[in-house]
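If you read the sequences in order, they're chains A and B.
When we follow the numbering used here, the leftmost residue of the first sequence carries the number 17, and every step to the right adds one.
When we follow the numbering used here, the leftmost residue of the second sequence carries the number 6, and every step to the right adds one.
There could be a bad hint or two in this list.
To be verified - Below 25 Å or equal to it, Euclidean Cα-Cα: the simulated SDA-like pairs (lysine to any residue) are:
#, chain 1, residue 1, chain 2, residue 2
1, B, Lys176, B, Pro74
2, B, Lys64, B, Glu48
3, B, Lys100, A, Leu61
4, B, Lys104, A, Asn53
5, B, Lys102, A, Leu44
6, B, Lys176, A, Val18
7, B, Lys138, A, Met39
8, B, Lys102, A, Leu32
9, B, Lys176, B, Gly53
10, B, Lys138, A, Ala59
11, B, Lys100, B, Gly158
12, B, Lys81, A, Asp55
13, B, Lys138, A, Leu61
14, B, Lys104, A, Val18
15, B, Lys138, A, Cys67
16, B, Lys176, A, His35
17, B, Lys176, A, His64
18, B, Lys176, A, Leu79
19, A, Lys40, B, Tyr99
20, A, Lys43, B, Lys176
21, B, Lys102, A, Ala59
22, B, Lys138, B, Gly161
23, A, Lys40, B, Asn95
24, B, Lys138, B, Glu47
Since the hints were made in silico from the structure, they are not lab data.
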Amino acid sequence: MVKIVVDTNVCIGCGLCVHDCPMKVYKLENGRSVVANPDDCMACLSCHEICPSNAIEHQDIYLSRRLYVDLDVCSMLRRFI
Amino acid sequence: MSMEHIVKPEELPLHCEGNIYDYEESLHGLMVLNATIIRSLEEIARGGANAVVYRAGLKMGHETGKYFPKTDNVEKALNELSEILGKQYNFELYKPKDKASYIITENGETFIYLVFRDCLVRQTLRREGMSQKGPLCQSLYGYMVGAVEEITGRRGKLEIVHTGPNTCLKKLILR
Numbered sequence: 017m018v019k020i021v022v023d024t025n026v027c028i029g030c031g032l033c034v035h036d037c038p039m040k041v042y043k044l045e046n047g048r049s050v051v052a053n054p055d056d057c058m059a060c061l062s063c064h065e066i067c068p069s070n071a072i073e074h075q076d077i078y079l080s081r082r083l084y085v086d087l088d089v090c091s092m093l094r095r096f097i
Numbered sequence: 006m007s008m009e010h011i012v013k014p015e016e017l018p019l020h021c022e023g024n025i026y027d028y029e030e031s032l033h034g035l036m037v038l039n040a041t042i043i044r045s046l047e048e049i050a051r052g053g054a055n056a057v058v059y060r061a062g063l064k065m066g067h068e069t070g071k072y073f074p075k076t077d078n079v080e081k082a083l084n085e086l087s088e089i090l091g092k093q094y095n096f097e098l099y100k101p102k103d104k105a106s107y108i109i110t111e112n113g114e115t116f117i118y119l120v121f122r123d124c125l126v127r128q129t130l131r132r133e134g135m136s137q138k139g140p141l142c143q144s145l146y147g148y149m150v151g152a153v154e155e156i157t158g159r160r161g162k163l164e165i166v167h168t169g170p171n172t173c174l175k176k177l178i179l180r
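If we strip away everything but chain B, and leave its shape as in the complex, we get:
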């Protein structure tokens, strides 16, 4: 083989190229793979599957949180996080009509409602006909808890209040 056919690593294109439909196919492949891994994990580890996926989400959350300036203002931190995450997990703070502020204190617990609009977990689950609120949703739980922990230093818990085809409602309980 002549020297001109050797491709050096620095010659690899830095930009994504090709047809958008090719990416869509890869994306579907990834979604199927993800769903299959979770299904198998559920079969083998049963209840432990939630813990594994939660842990993965927690790590992702901590990693993302490192890029944010530390603040003790949870509301501001969440708004910034939502902006950065954009289309991956597009969420916003939610306030029922009768509440004055996003941070709600009820029955001795302080929490914030989060409405998740675009969510890659929901897309994967619905693509594969799997039910929501399962182990894969725990990744979001871990993600939010990890990010909030990293940014504000406060520990938290995410409760899935409601899941729907277009939006999911979650409750971030602050400790």
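Just chain A, with the same shape it has in the complex:
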């Protein structure tokens, strides 16, 4: 089962994750997002992408392979970071 952790200290309660999730995994409670239905999470990670405060974390999920990482660009960035 997917484990989702919402950092309530960081969440600003904008409700974007609630609105974006097709499976209604989140709901707003006391102005903060809480995980209401974790069993239906399909790990699309749209909530990750949409969360402006980066408050959501998923554990034990299948990460699809990334083929679009440009190694040349990454190695160039590594020189600066």
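Given the coordinates of chain A, work out where chain B should sit on it, guided by the hints.
Just chain B, lined up with the frame of chain A:
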């Protein structure tokens, strides 16, 4: 030129050789090429781009479906298809918690939810900064419809319910 320098077709290596990073470069080249073709197609054909890509996907689906034994069990056919496709389009059947079976009947339509995990279309789109649900996604639509048609003889329709960076949710509506 002496005879020893002539390479005969049967002498060409049967296996892929070389550094894995060389393949990665070729793969990136292919992704860029694919994305550019789709962008140009959208500019020229506008709405027609979806139909063209759908048709291409449909053909691919029919071709793949030919390798499967015919069955009227859609669930079994999809599971087998997923296994064969493996890393190209890695998908699985999805069932919301409150549903008893994968085949759901609601509001007069019968459908199955499919969750696509590894997808070469998504990779290409994100590589090139293009939005999901566009014409290239129609290739998957055609692919699934073609394969299901070929294996089960049932006509279908694939609806994109949700697209995400890691997984996409699609609905295969059976007719």
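Hints versus structure:
no. : hint                : in the structure
1   : Lys176/B / Pro74/B  : holds (23 Å)
2   : Lys64/B / Glu48/B   : holds (23 Å)
3   : Lys100/B / Leu61/A  : holds (18 Å)
4   : Lys104/B / Asn53/A  : holds (14 Å)
5   : Lys102/B / Leu44/A  : holds (21 Å)
6   : Lys176/B / Val18/A  : holds (22 Å)
7   : Lys138/B / Met39/A  : holds (18 Å)
8   : Lys102/B / Leu32/A  : holds (23 Å)
9   : Lys176/B / Gly53/B  : holds (23 Å)
10  : Lys138/B / Ala59/A  : holds (18 Å)
11  : Lys100/B / Gly158/B : holds (24 Å)
12  : Lys81/B / Asp55/A   : holds (24 Å)
13  : Lys138/B / Leu61/A  : holds (16 Å)
14  : Lys104/B / Val18/A  : holds (18 Å)
15  : Lys138/B / Cys67/A  : holds (21 Å)
16  : Lys176/B / His35/A  : holds (20 Å)
17  : Lys176/B / His64/A  : holds (23 Å)
18  : Lys176/B / Leu79/A  : holds (21 Å)
19  : Lys40/A / Tyr99/B   : holds (15 Å)
20  : Lys43/A / Lys176/B  : holds (24 Å)
21  : Lys102/B / Ala59/A  : holds (15 Å)
22  : Lys138/B / Gly161/B : holds (18 Å)
23  : Lys40/A / Asn95/B   : holds (24 Å)
24  : Lys138/B / Glu47/B  : holds (13 Å)
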